[in-house]
Amino acid sequence: MKTRKSKSFSGNFITYAMVIVAFLLCELALSGVIPGFKMSRSLKGQLVPICVYIVMAVSLNLTVGISGELSLGHAGFMSVGAFSGILVSQWLLSAFPETNLELVRLLAALATGGVVAAIAGVLIGIPVLRLRGDYLAIVTLAFGEIIRNLLNCVYFSFEGANLNFSFLDPNLPGNIVINGPMGAIGVKKLASFEAGFILVLFTLVVVLNLINSRSGRAIMAIRDNRIAAESVGINVTKYRMLAFVISAALAGMAGALYGLNYSTVQAAKFKFDTSILVLVFVVLGGIGNIRGSIIAATVLTILPEMLREFGNYRMLIYAIVLIVVMLVTNNPMLKSTLDSLKGKIFKKSVKEGDKA
Amino acid sequence: MIQFLSYLVNGISLGSVYAIIALGYSMVYGIAKMLNFAHGDVIMIGAFICFSATQYLGVPALVGVLLSVAVCTVLGITIERLAYKPLRSATSLAVLITAIGMSWLLQNIALLIWGANPKSFKSVIDLGTLVLFGGQLRITSETIVTVLANIIIMIALTQFTSKTKMGKAMRAVSEDRGAAELMGINVNATISMTFAIGSGLAAIAGVLLCSAYPVLMPTTGAMPGIKAFTAAVFGGIGSIPGALVGGILLGVIEILGKAYVSTELGDALVFAVLIVVLLVKPTGLLGKKIHEKV
Numbered sequence: 003m004k005t006r007k008s009k010s011f012s013g014n015f016i017t018y019a020m021v022i023v024a025f026l027l028c029e030l031a032l033s034g035v036i037p038g039f040k041m042s043r044s045l046k047g048q049l050v051p052i053c054v055y056i057v058m059a060v061s062l063n064l065t066v067g068i069s070g071e072l073s074l075g076h077a078g079f080m081s082v083g084a085f086s087g088i089l090v091s092q093w094l095l096s097a098f099p100e101t102n103l104e105l106v107r108l109l110a111a112l113a114t115g116g117v118v119a120a121i122a123g124v125l126i127g128i129p130v131l132r133l134r135g136d137y138l139a140i141v142t143l144a145f146g147e148i149i150r151n152l153l154n155c156v157y158f159s160f161e162g163a164n165l166n167f168s169f170l171d172p173n174l175p176g177n178i179v180i181n182g183p184m185g186a187i188g189v190k191k192l193a194s195f196e197a198g199f200i201l202v203l204f205t206l207v208v209v210l211n212l213i214n215s216r217s218g219r220a221i222m223a224i225r226d227n228r229i230a231a232e233s234v235g236i237n238v239t240k241y242r243m244l245a246f247v248i249s250a251a252l253a254g255m256a257g258a259l260y261g262l263n264y265s266t267v268q269a270a271k272f273k274f275d276t277s278i279l280v281l282v283f284v285v286l287g288g289i290g291n292i293r294g295s296i297i298a299a300t301v302l303t304i305l306p307e308m309l310r311e312f313g314n315y316r317m318l319i320y321a322i323v324l325i326v327v328m329l330v331t332n333n334p335m336l337k338s339t340l341d342s343l344k345g346k347i348f349k350k351s352v353k354e355g356d357k358a
Numbered sequence: 159m160i161q162f163l164s165y166l167v168n169g170i171s172l173g174s175v176y177a178i179i180a181l182g183y184s185m186v187y188g189i190a191k192m193l194n195f196a197h198g199d200v201i202m203i204g205a206f207i208c209f210s211a212t213q214y215l216g217v218p219a220l221v222g223v224l225l226s227v228a229v230c231t232v233l234g235i236t237i238e239r240l241a242y243k244p245l246r247s248a249t250s251l252a253v254l255i256t257a258i259g260m261s262w263l264l265q266n267i268a269l270l271i272w273g274a275n276p277k278s279f280k281s282v283i284d285l286g287t288l289v290l291f292g293g294q295l296r297i298t299s300e301t302i303v304t305v306l307a308n309i310i311i312m313i314a315l316t317q318f319t320s321k322t323k324m325g326k327a328m329r330a331v332s333e334d335r336g337a338a339e340l341m342g343i344n345v346n347a348t349i350s351m352t353f354a355i356g357s358g359l360a361a362i363a364g365v366l367l368c369s370a371y372p373v374l375m376p377t378t379g380a381m382p383g384i385k386a387f388t389a390a391v392f393g394g395i396g397s398i399p400g401a402l403v404g405g406i407l408l409g410v411i412e413i414l415g416k417a418y419v420s421t422e423l424g425d426a427l428v429f430a431v432l433i434v435v436l437l438v439k440p441t442g443l444l445g446k447k448i449h450e451k452v
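One line per chain: the protein sequences are A and B, in this order. Following the working numbering, the numbering of the first sequence begins with 3 at its first residue and continues without gaps. Following the working numbering, the numbering of the second sequence begins with 159 at its first residue and continues without gaps.
Please note that a few of the clues may not be correct.
[Said to hold, decoys possible] Not the full set, but computed from the structure, chain A residues with beta-carbon under 10 Å of chain B:
(1) 20
(2) 21
(3) 133
(4) 144
(5) 326
(6) 338
[Unchecked claim] Cβ pair distances, simulated, as ranges:
(7) 221(B) x 187(A): 19 to 29 Å
(8) 327(A) x 161(B): 45 to 55 Å
(9) 326(B) x 327(A): 48 to 58 Å
(10) 175(A) x 439(B): 40 to 50 Å
(11) 265(A) x 317(B): 52 to 62 Å
(12) 276(B) x 312(A): 16 to 26 Å
(13) 221(B) x 310(A): 39 to 49 Å
(14) 166(B) x 313(A): 41 to 51 Å
(15) 333(B) x 327(A): 26 to 36 Å
(16) 113(A) x 377(B): 33 to 43 Å
(17) 233(A) x 440(B): 15 to 25 Å
(18) 377(B) x 187(A): 39 to 49 Å
(19) 327(A) x 310(B): 40 to 50 Å
(20) 342(B) x 129(A): 42 to 52 Å
[To be verified] Chain B regions said to be covered by chain A (calculated; three or more residues, Cβ under 8 Å):
(21) 254–263
(22) 292–304
(23) 386–396
What the hints contain is simulated information worked out from the structure, not anything from laboratory work. Just so it is clear, CB atoms sit at the ideal spot from N, CA and C, and this is done for glycine as well.
With the hints as constraints, model all of the structure from the sequences given.
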């Protein structure tokens with residue numbers, strides 16, 4: 003028992019250390035203290051999205067890997083968080099124009115994004131968690147599309163501290179902030195790499211502590227055998243809901259940060275493809291493996307940028323890489339070949355080590 | 159009233175296309191137990207092949223359709239052999255991600271060949287318009303052909319699965335793959351056959367879809383694909399009559415919702431109805447109930 007605990011502790015430690023070291027290296031490259039160690043312009047622009055996608059991937063891993071429910075609508079929670087976060091941040095700006103409360107606005111936006119997405123998570127979770135397997139997946143997909151459609155019909159505007167809202171009717175008095183299909187416009191950017199890093203750390207603290215807690219073990223027991231878990235007195239609905247809502251709230255916070263990283267954000271940005279992209283991060287990183295999600299989200303967000311020189315071929319290469327990786331890691335024959343190859347290399351290095 | 163009838167006819171026409179696409183999803187799910195997300199993109203490839211054949215090669219429309227069916231059938235079998243067959247024993251999530259990769263691959267191949275600019279698809283059906291009620295209700299020949307094609311395909315497939323040896327093999331594999339294999343059914347050949355039929359139907363659906371809504375680009379297949387998948391689940395995935403009922407209901411709800419509720423909310427309405435149906439009847443309208451064993 004003791005060894006298991008220390009093992010999970012050292013695993014978590016490696017995860018935190020990896021994230022912190024990566025952050026420090028990026029900061030070093032950004033500051034340009036060491037000559038020659040710099041970051042390209044396009045990579046600089048990717049820093050906040052990378053943090054956002056890491057949080058998305060880790061939170062989806064909580065649903066897909068730890069809780070074992072395939073969710074295809076994770077971007078829906080992200081969009082709810084993005085729009086509510088933008089709304090609060092812009093409202094604070096409009097209500098208190100003299101004070102320059104950037105940090106307060108950012109924190110308020112993140113908190114609101116998380117809370118609103120959590121509420122959406124509860125509302126969606128009640129029907130969704132009654133279903134199982136592929137049916138659960140298709141209903142989360144449906145909810146993702148419904149959220150996107152509804153956000154396309156919402157209009158918000160400000161008159162000082164007054165907030166006007168309308169559904170389907172674009173004629174609003176005052177300064178329009180969220181303009182239906184045009185999305186949020188004139189957003190004051192607040193997101194920074196540092197804020198993204200803090201959010202990633204916050205997500206890791208929440209998710210890793212949850213996994214290693216009593217609740218986390220209950221959630222995994224339900225995933226492994228629902229009936230057995232139920233028979234030892236675990237409240238199945240409660241724990242599935244817990245995982246689903248925490249995952250939604252974290253996605254909402256990621257969405258708020260994402261929304262505040264651009265001056266305009268449209269609901270179309272959070273369509274089905276985005277949910278799928280995050281799912282790809284989770285599966286390629288290893289289902290249930292938090293560190294894997296972080297690495298996969300980072301590498302796969304940078305990869306399309308790195309492939310930019312291939313022009314039109316880049317997404318083609320991306321798709322082929324994805325298929326090949328899935329085949330190699332999941333085909334029993336190819337997998338055993340890969341393992342034996344790994345074994346050979348490993349043995350060799352051991353032998354060489356012996357000689358030395 | 160006439161207005162309502164006209165919307166209803168449009169809905170049935172769109173629903174028929176959904177039903178044909180849903181068949182592909184449903185059959186593949188029933189037999190291989192996988193969500194084939196690349197199916198929507200096979201529709202797009204089918205439409206592009208027909209477009210290129212009639213536009214650039216100048217062949218007659220019917221030849222173009224047959225060519226696109228042939229190409230998509232081969233494409234479907236190839237995709238199955240290359241990407242899905244090696245993953246027969248893998249987890250369903252791994253197969254799902256591979257299917258998504260395949261979908262991106264097809265979209266990007268189409269992007270490289272035909273470019274990103276939308277092409278205007280010239281309808282392959284040109285038989286004039288049926289005018290009823292003194293010109294108040296106009297039914298295009300595309301609508302009539304689509305509905306007829308749907309009916310013919312449904313009857314043919316039902317006959318195929320209940321009468322022929324291959325069709326019976328398909329039903330056996332979908333019921334219990336292990337037992338079917340023990341009875342001497344070639345499971346791999348059966349699965350390939352399913353993909354062939356599904357992809358061939360996808361080509362027809364693509365041509366019909368683009369004849370009615372003539373904008374063709376590499377992402378054309380994505381949304382109809384998702385909706386048809388919804389239709390398959392709606393009607394009960396794995397069931398042929400389910401695909402028909404689900405597809406037509408979905409098309410009618412979408413068109414009526416867009417006409418009477420709001421254009422923006424048509425899609426939301428479709429998905430909302432799906433959720434309600436699944437909550438009341440978790441295996442879809444015509445799906446079989448599977449009991450969980452301890």
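So, going through the hints one by one against the coordinates:
1. Restraint check, residue 20(A) versus chain B: the minimum CB separation of about 24 Å is more than 10 Å; hint violated.
2. Contact between residue 21(A) and chain B, as hinted, is not supported at the beta carbon level, the nearest pair being about 25 Å apart and thus beyond 10 Å.
3. The interface hint given for residue 133(A) holds, since its Cβ lies 6 Å from the closest Cβ of chain B, which is under the 10 Å cut-off.
4. About 4 Å separates the beta-carbon of residue 144(A) from the nearest beta-carbon of chain B, less than 10 Å, and the hint is met.
5. About 9 Å separates the beta-carbon of residue 326(A) from the nearest beta-carbon of chain B, less than 10 Å, and the hint is met.
6. A least Cβ separation of about 12 Å between residue 338(A) and chain B goes past the 10 Å threshold, and the interface hint is therefore violated.
7. Taken as a hint, the range 19 to 29 Å is violated for the pair residue 221(B) and residue 187(A), whose Cβ atoms sit roughly 50 Å apart.
8. At about 53 Å, the beta-carbon gap between residue 327(A) and residue 161(B) stays in the expected band of 45 to 55 Å.
9. Taken as a hint, the range 48 to 58 Å is violated for the pair residue 326(B) and residue 327(A), whose Cβ atoms sit roughly 38 Å apart.
10. A hinted range of 40 to 50 Å for the beta carbons of residue 175(A) and residue 439(B) is consistent with their spacing of about 46 Å.
11. The beta-carbon spacing between residue 265(A) and residue 317(B), approximately 59 Å, falls within the hinted interval of 52 to 62 Å.
12. Look at residue 276(B) against residue 312(A): about 24 Å separates their beta carbons, and that is inside 16 to 26 Å.
13. At about 41 Å, the CB distance of residue 221(B) to residue 310(A) agrees with the hint of 39 to 49 Å.
14. Restraint check, residue 166(B) to residue 313(A): a C-beta distance of roughly 47 Å satisfies the suggested window 41 to 51 Å.
15. Evaluation of the 26 to 36 Å hint for residue 333(B) and residue 327(A) yields a pass: the beta carbon distance comes to about 33 Å.
16. With their beta carbons about 36 Å apart, residue 113(A) and residue 377(B) fall inside the hinted range of 33 to 43 Å.
17. Range check, residue 233(A) to residue 440(B): Cβ separation about 22 Å, and the 15 to 25 Å hint holds.
18. With their beta carbons about 25 Å apart, residue 377(B) and residue 187(A) fall outside the hinted range of 39 to 49 Å.
19. Restraint check, residue 327(A) to residue 310(B): a C-beta distance of roughly 42 Å satisfies the suggested window 40 to 50 Å.
20. Distance hint check for residue 342(B) and residue 129(A): the Cβ-Cβ separation is about 44 Å, which falls inside the suggested range of 42 to 52 Å.
21. Note: the stretch 254–263 of chain B has 8 residues with beta-carbon separation from chain A under 8 Å; the three-residue rule is met and the coverage holds.
22. A stretch counts as covered by a chain when three or more of its residues have a beta carbon under 8 Å from one of that chain; for the stretch 292–304 of chain B and chain A the count is 0, and the coverage is violated.
23. Residues of the stretch 386–396 of chain B lying with their CB closer than 8 Å to a CB of chain A number 4, which satisfies the three-residue condition for coverage.
The structure shown violates the earlier hints numbered 1, 2, 6, 7, 9, 18, 22.
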